[in-house]
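2 protein chains.
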Amino acid sequence: MPPTRTQIVEAADALFYQRGFDHTSLADIAQAVGIARGNLTYHFKAKDEILAAVIDRRLAATQAMLDGWEAAGDGPAARITGFIHILITNQAKIMAHGCPVGTLSNELAKLDHAALPDAARIFTLFRTWLARQFTLMGHGERADELALHLLGRSQGVATLATAFRDETFVRREVAAMRDWLAALATPTNQ
Amino acid sequence: MPPTRTQIVEAADALFYQRGFDHTSLADIAQAVGIARGNLTYHFKAKDEILAAVIDRRLAATQAMLDGWEAAGDGPAARITGFIHILITNQAKIMAHGCPVGTLSNELAKLDHAALPDAARIFTLFRTWLARQFTLMGHGERADELALHLLGRSQGVATLATAFRDETFVRREVAAMRDWLAALATPTNQ
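Sequence lines, in order, name chains R and W. All letters in the first sequence, in the order written, are residues 1 to 190 by my numbering. All letters in the second sequence, in the order written, are residues 1 to 190 by my numbering.
With the rest of the complex left out, here is chain R (with noise of 0.2 Å):
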C-alpha cells in the first residue's frame, strides 16, 4: 500500500475503535492523518471502502499475532491463557474502548450493515485458533465448543469492564478463566 493509504487505514482503524465507525467522519479521518479531505477521497471514494481495508488491516493483525503466539512453542495450555492474558495487557483500552472485534460487530449489527460477517471473521480468526489449542490439549470433540466458550467469556468480561471500570472484577475473571483451563490440563483418567 503507498504510505498515504496506510496512513489514513491506521488512522481509520484507531478512530473507529476509539469513537465507533458511525460517529467518524471522512473529515476527522482526514484530520487525524493531516491531509485533505480531498487526497483522501483519492485513495478511498467512501467510509465503508475504509471498513473494509480496516477489517483487512485487523485480520492481518490478529492472524500475526496468533501465528507468533504458535511459534512461541509454550505449548497449547501456556497459548491460551496468553489468549486470557489479553484482558489484562489491554486492560486500560478495555475499560475506555471495549474491545475492538466485539464492539465492532455490535455496532455493525445495530446498523445492518453488510461487513458485519467481514468483522466476524476476527472473532472466526481466535475461534479457530482457540479450537486447534484444545485439540492439542486432548479435547478434539468438543475443541470448537470450548473455543466459543471461552471468547463468549473474554467478551463479557470486556464488556463489564468497560460498564464497570473495576480492575478487580477483571482480574478475578482471568484467574477464573485460568482455573477452568487448568481442569481441563489436568488428565481425568488417571
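Note that these hints are calculated values from the structure, not bench results. Here the structure is a predicted model, which is why all the values come from computation and not from measurement. A few of these clues could be false.
Footprint (simulated), chain R over chain W, 3 or more residues, beta carbon under 8 Å [said to hold, decoys possible]:
#, stretch
1, 102-110
2, 119-127
3, 143-149
4, 153-165
5, 171-181
Covered by chain W, according to a simulated footprint, are these stretches of chain R (three or more residues, beta-carbon under 8 Å) [unchecked claim]:
#, stretch
6, 119-128
7, 151-159
Heads up, simulated BS3-like pairs for lysine-lysine below, C-alpha to C-alpha not over 30 Å straight-line [unchecked claim]:
#, chain 1, residue 1, chain 2, residue 2
8, R, K47, W, K93
9, W, K93, R, K93
10, W, K47, R, K47
11, R, K93, W, K47
12, R, K93, R, K47
13, W, K47, W, K93
For each residue, glycine too, the CB sits at the ideal point set by N, CA and C.
Dock chain W against the given chain R, drawing on the hints supplied.
Structure of chain W alone, referenced to chain R:
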C-alpha cells in the same frame, strides 16, 4: 408524563436499541412518533435529555421485571434461571441488536458520554438482584462475585450471538450456565 412525552421516550428507546444512540437523530424520533420536529423539541431540548429519559425508563422496567421475579416465589435458583433464560426469550432481538444494556454501555464509553455511569446502573440493578439470590442460596460471602460472573457470561453470549447468529451456541451456553448454577445449589458439605 404527558402522552406525547411518553411516546417520544418509547420510540427513542426502541431506536437507540435497534440502530444505536448516536445513529438516531431527533428527526428519526419525531418521524417514528409521527409528530413535527418542533413538537419534539418542545418536550426535549436535546438528544441527551431523551437519553436520560430512556435510561430512566429502562431502569424502571428492569426494576419492575426483577420485582416481578422476586414476587413469583419460586426460590432463588429458579429466579436466577429466569435471568439466564433472557438469552433464549429475547434471542431473536439479541441476535439482531445485541443486549440493550451492554451495547448502550459500550457505545456511551466510545462517545465518552457523561451518561455512561447512569447506563451502567441498569447492570447494577441486575447485579444487586442476582447477588441477593446467591445470598439466599447460601453464598453470601461471594454473592457479588457470583452475580458479576454470571452477568459477564450472559453478556459474552449476547455479543457472540450478535456476531455469529448461532442458536446452537446460545442454547449450549445457557445449558452450561444452568449446570454451573446447579452445582452452586448442591450442598458441598454433605
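Does the stretch 171-181 of chain W contain three or more residues whose Cβ lies closer than 8 Å to a Cβ of chain R? holds (count 3)
Pairwise hint evaluation, K93 of chain W against K47 of chain R, where the allowed Cα distance is 30 Å at most: holds (27 Å)
Closer than 8 Å Cβ to Cβ for three or more residues is the test here. Does the stretch 119-127 of chain W pass it with chain R? holds (count 3)
Please count how many residues of the stretch 151-159 of chain R have a CB within 8 Å of a CB from chain W and say whether that reaches 3. holds (count 8)
Is K93 of chain R close enough to K47 of chain R, meaning Cα to Cα at most 30 Å? This hinted pair holds, its Cα atoms lying about 24 Å apart.
Restraint status (C-alpha distance of K47 of chain W to K93 of chain W at most 30 Å): holds (24 Å)
Do at least three Cβ atoms from the stretch 102-110 of chain W come closer than 8 Å to Cβ atoms of chain R? It holds: at least three residues are needed, and the stretch 102-110 of chain W offers 7 whose Cβ sits within less than 8 Å of chain R.
For a C-alpha distance cap of 30 Å, please report whether K47 of chain W and K47 of chain R respect it. holds (25 Å)
Taken at face value, is the distance from the CA of K47 of chain W to the CA of K93 of chain R at most 30 Å? holds (27 Å)
Has the given pair, K93 of chain W with K93 of chain R, been kept, meaning a C-alpha gap of at most 30 Å? Distance of about 28 Å is within 30 Å: holds.
Examine the stretch 119-128 of chain R for residues whose CB is less than 8 Å from any CB of chain W, and state whether their number is three or more. holds (count 3)
How does the coverage statement for the stretch 153-165 of chain W fare against chain R, requiring three or more residues with Cβ below 8 Å from a Cβ of that chain? Per the Cβ count (10), the hint holds.
Comparing the model with each numbered hint stated earlier shows that all of them hold.
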